[in-house]
Amino acid sequence: MGYAGFVYANLLRNPLRSALTGCAVALAVLLVCLLLTMPAGLDALLTRVASDTRVGVINKSGLVFWMPYSLMRKIRALDDVADAVGMVWFGGAFEEQGKVTFPSFAVEVEHIPGTYPDYAVAPEALAAFARYRDGAIVGRQTMRKYRWKVGDRVTLRSNIWNVNLDLRIVGEIPRDGSPIVWINRDYLDEAIKAQGQAGLGIVMIVWVRVASPDRVNSVMLRVDELTRNTDYETTSQTEKTFFSNFLGSLQGFLQILLMVTALVSLCIVFIAANTASMAVRERSGEIGVLRAIGFRRRMIFALLLGETVVLSWAAGSVGVGLAWLATKSLAQMGGSIAALGPLGGFIVTPRVIFQGLLLSLAIGVFAGFAPAYGAARRPVADTLREVF
Amino acid sequence: MSVGSPAAASPLILLHRVSRLYRRGIDEIHALEACSLRVERGRFVAFMGPSGSGKSTLLNLVSGIDRPTSGEVWVAGQELNRLTEDELARWRARHVGLIFQFFNLVPVLSARDNVALPLLLTHFGRSERQRRAEIALRVVGLEDRHQHLQRILSGGEQQRVAIARALVSDPDLIVADEPTGDLDARNAEGVLSLLRKLSAEFGKTIVMVTHDPRALRFVDEVFHLDKGVLLEGEEAERAGEAMRVAAGGGLLGEGALPTQAPGWAKTPRG
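These protein sequence lines are chains A and B, in that order. Per our numbering, the very first residue in the first sequence carries number 49; after that it's consecutive. Per our numbering, the very first residue in the second sequence carries number 10; after that it's consecutive.
The shape of chain B in the complex, shown without the other chains (with noise of 0.2 Å):
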C-alpha cells in the first residue's frame, strides 16, 4: 500500500514506514517493520493476523500508547511523535476512545462514573460530566443502568459501558483491541452491531485489533498483518479470503457472512 507525503493528505491516520522494535537483554525483536497505511475520517477498519503478527504492536502506535522506533505516525493530522509523554496523554484524552478486551472497568464505581472518568480530565463540571456519561449509555443501550456496579453487570453489558466510556468525550478515534475476544457469540454480534452503529451513524473512526472473522462482515477494511509486515497484494488477498472462508464455512456455518453490504453500511468494504 502506497501513501502520499503527510502534508499533502489528510487521513484521520497515515502511517509512514513505522517500525518498532523491543529489545529484551541482549535480544531484539522486530514487532513491526516499515509499515505504511492510511485510514480516512469514519471507517471502520480491522486489523488480523495470527499471534504476534504486530496488531496489537500497530493499535498502540495509532493511539499514541507507544512509540515508533522509526517512521512517521499521524493521527488527526498531529504528528505524535513529536508529543512529550504529558502531551501524548492529553491528546489520547482529546483525541481517541480506548476499548479493551477484558473491560477494564473501575469494580468500585457505578456504571455512569465509569463512563464519566474521561471527563474528568476535561473542564466540565460535575453535572455536566454526569449527563454526557448518561447520554453516551443512552447511546449503546443500557440508559436504565448508569447506577450499576461492574459486578452486576453481563459480560456483553460491561463491554457496552467500555464502549460509552470510549465514546464520551467524543474522540476522533476509537481504539479497540479484541472488544469481542471474552463474550460469547450473541454478545460479541451484539457489540460489533454496536461499533458499526457507531462509525456508520455517528461518522466514529474505528481501528479494531480482532481475531474473530466475525467482524469481516461488519467493518469496511480489513489490514493483515504477519510477523510485523503489513501484507500487501496477494498476500492480503490470500489471507483475507482464509479469513472469509473461516466466517462463512468453518467456523461459523454456512451463511453467516452476507453478501452484500448491511443498510446501515454508508461506504464498501474494502
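Isolated chain A, as found in the complex (with noise of 0.2 Å):
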C-alpha cells in the first residue's frame, strides 16, 4: 500500500457517505456542463440557421412597426441585392390548438427561391407554392410536432388580421430545428380586401440576400439611407445579429441560470467541507497518531486534501461523462429539445468538459482545505492528549 492505497482506502471507510457526496458533486457537475452547452449551443444554432450574405431590413422603432410595401422595389434595385422578400407577420394559430406555436408569414411567393437557396427546399414544393395561392410551405420541426404531411389542409386563424385562413402545404423546409411557417402574401392580402379593408399594403420584415459577404455592410448602409428621413426609418441587421438580438432575452435569462447554478455549486462545496469536517473529527485520534510516528504536517494536509479531491475529480468526471452522454444521446435523437426551443441545442464541447473538470477539482479543494489545514496545523501533543 502507498500513499494513493492510503487515500482510496480511507475513501471506502464509509462507502455510503462517500457514495452520497459524490452523487451531489455529480450532479452539480453535470448541471453545470449542461447549462454552459447552452450559449454554444445557441451559438451553432445561431450559425445553422443565419446566413452571412442574408440581411434583415426592420423598421428602426422596432419589430412591431411597420414599411411600405413599395420599399421591397427600391431594395431590388440597388446594387449587390441578389433577391429580397418582404414578410408581413400572420401570427397564425393552429386551429385545434388554440394559440400560436410557430412563427408564421406572408410572403412574397416568387422571391423565396432567390433569398433562401441555401434552405434548399425542394423544386417541385417551390413550383406547387407559386402555382397555389393557398399553399404553404412548413419548416420540418413543425411539419413533425404536428405530424403534418405535404397535400394536408390545415387552418390557421390569424390573431392579427381577423382571418382564417384554409391552407394546403405544398412543401416542407428541409431542417430539423424550423418551426416557420410561410404563405402566401397575396393569399392574405385577398381574405383582408374580402373583409372590406384595403389590404396589406406593407412590410414588417425585409430579407435582402446581398451578391457577395464582403458587400453585405454596403449593403446594410444603403438600405438604410434609402429610408432616411422618412417616418419608417429602417435599421439592418446580418440575420446572425438579427437572431440573436431576437433572442437576447434568452442570454440574460441564460445568466441566470448560470448564477444559479454557481450557487448551487457553492452549496454542493459547503456539503462537501462539511462532510469533510466530519471525517477529519472522526478520525483525529488516527491523525494524531500519524503525526505522532512521524507523518509531517504537509503529508496530513496533503493526504486528507487528496481524499475530498479524488472523490470530488472522479465524481465530476462522472458528471461531465453523464453531460457528454445526454449530448450523444440528444445528437441521436434530432439535436435538441423543442420544449426548451432555441435553449434546447446541448452540445459539450472539449471547453466545457474541461471547465466541468476543473469545477469539479476546485470544489474538491475548496470543501477538503479548511478540514485538512486544521488537522494538520494542530499541535500533536494536544491532539494526542484530547483523543487518550
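None of these hints come from the bench; they were simulated from the model.
Just some of the chain A residues that point at chain B, by a computed CB distance under 10 Å:
#  : residue
1  : M49
2  : Y51
3  : F54
4  : A57
5  : G333
6  : V337
7  : L338
8  : R339
9  : A340
10 : F343
11 : P427
12 : A429
Beta carbons: idealized from backbone N, C-alpha and C, even for Gly.
Quick one: dock chain against chain with the hints and give me the complex.
Written out as C-alpha cells, the structure reads:
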C-alpha cells in the first residue's frame, strides 16, 4: 500500500457517505456542464440558421412597426442585392391548438427561391407554392410536431388580421429545427380585402440576400440610407445579429441560470466541506497517531486534501461524462429538445469538459482545504491529549 | 537522581532539569518540574505514578511529541529542543516507535498495511515495505494474521499489531503509553512479555508509562512521579515498595511477583 492506496482505503471507510457526497458533486457538475453548453448551443443554432449573406431590415422603431410595401422595389433595385423578400407577420394559430405555437409569415412567393437558396426547399415544392394561392411551406419541426405531411389541408386563424385561412401544405423546409410557416402574401391580401379593408400594402421584415459577403455592410448602409428622414426609417442587421438580438432575452435568462448553478455549486462545496470536516473529526485520533509516528504536517494536509480532491474529481468526471452522454443521446434524437426552444441544443465541447473537470477539482480543493489545514496544523500533543 | 553534562554522557535518553508548564486561560499547570533522568541503551524502564503525576507528559517529551518549557531533552544524541516541527516529525519517524493504550490502528487497513504505515516515510519500495511488515508481524507472533482487519483481531492481537508497527522501522526507542491499560490479565501479560523480549533479545530501549503493578516483573527500572516531580531517594523507595506490595499481595495475589529475575532478563532491575 502506498499513499494512493491509503487515500483510496480512507475513501472506502464510509462507502455510503462517500457515494452520497460523490453523487452531489456529480449532479452539480452535470448541471453546470449542461448549462455551459447552452451558449455554445445557441451560437451553433444561430450559425446553422443564419446566412452570412442575408440581411434583415426592420423599422427602426421595432419589429411591430411596419414599412411601406413600395420599399421592396427600391431595395431590389440596389446594386449587390441578389434578391429580397418582404414578410408580414401572420400570427397564425393552428385551429386545433388555439394559440400561436410557430412563427408564420405571409411572403412574396416568387422571391423565396432567390432569397433562401440555402434552405434547399425542393423545386417542386416551390413550384407548387407559386401555383397554388393557398399553398404553404412548413418547417420540418412544425411538420413533425403536428404530424403534417405534404398535401394536408390545415386552417390557421390569424391573431393579427382577423382572418382564417385554409391552407394546402405544398412543401417542407428541410431543416430539423425550423418551425417557420410561409404562406402566400397575395392570398392573405385577398382575404383582408374580402373583409372590405384596404389590403396589405406594408411589410414588417425584409430579408435581403446580398450577392457577396464582402458587400453586406455596404448594402446595409444603402438600405438604411433609402429610408433616412422618412416616417419609416429602417435598421439593417445581418441575419445572425438579427436572431441574436431577437434571442437577447434568452441570453439574460441564461445568465440567471448560470448564476443559480454557481450558487448550487457553492452549496455543494459547503456540503462536501461539512462531510470532510466530519470525516476528519471522527479520525482525529488516527491523525494524531500518524503525526506522532512521523507524518509531517504537509503530508497529513496532502492526504486529507487528496481524499476530497480524488472523490470530487472522480464524481465530477462522472458528471462530465453524463453531460457528454446526454449530448450524444440528444444528437441521436434530433439534436435539440424542442420544449426548451433555442436553448434545447446542448453541445458539450472540449472547453465545457475542461470547465467541468476544473469545477470538480475546485470543489474538492475548496471543500477539503479548511478541514485538512485545521487537522494538519494542530499540535500533535494536543490531539493525543484530547483523544486519549 | 543526578546526571552529568549532556556532552559527557552517552545514554539513549538524557533529561536535564526539564519542566513543562501548560497554560489554560489564566491558570498555569505545572505538569513537570525540573526533572532530570538518564536511561541507558537497551533498558526497559517504566514511569509510574498516580493520575496527573506527569507520566504521559514525560513520555511525550522523551518521544519528541511535545516540547519542554525549560530544560534539555537529549535522545539518541540529539537535543530535541533544537529541532523544528518538521525536523521533529522526521526524527520521530526515524528514532521512535510508539505504542498507545487503545492500539489506534487504522481500521480500513489490514494488519500488514497498519504495520507498514511508518515505512511510507522511508525510501523503501512497496515490496520491501511489505516484507519488513511481515517480519515485524512474525516477531510479535502474528505471521498468519497479516491480511486481517482490525475488527476481526482480539484486543491483545491489536496491541501486538501496534507493537509490530512501533518496531517495523527499527527505532532506537520504543515508547509505550499504558500498553496494557485496555487488556485483560492474560493479554496484558503477553504484551509485557513481548516488550521484555524486544528489550532483551533485540536490544531495544523501551520506555513505558503504566499503572499496572504487573509491569514490575518485566522492567529493568522504574521511575516514580508524583505531582510533576520525579521522586528520588526515600520517596522513590516508598513509592516502589507500595507498588510491590500491590503487585505481590493485594492486586495479583500471593506469589505473583517473582523472587528473582527471569532468565531472559539480561540486566538486573533497578
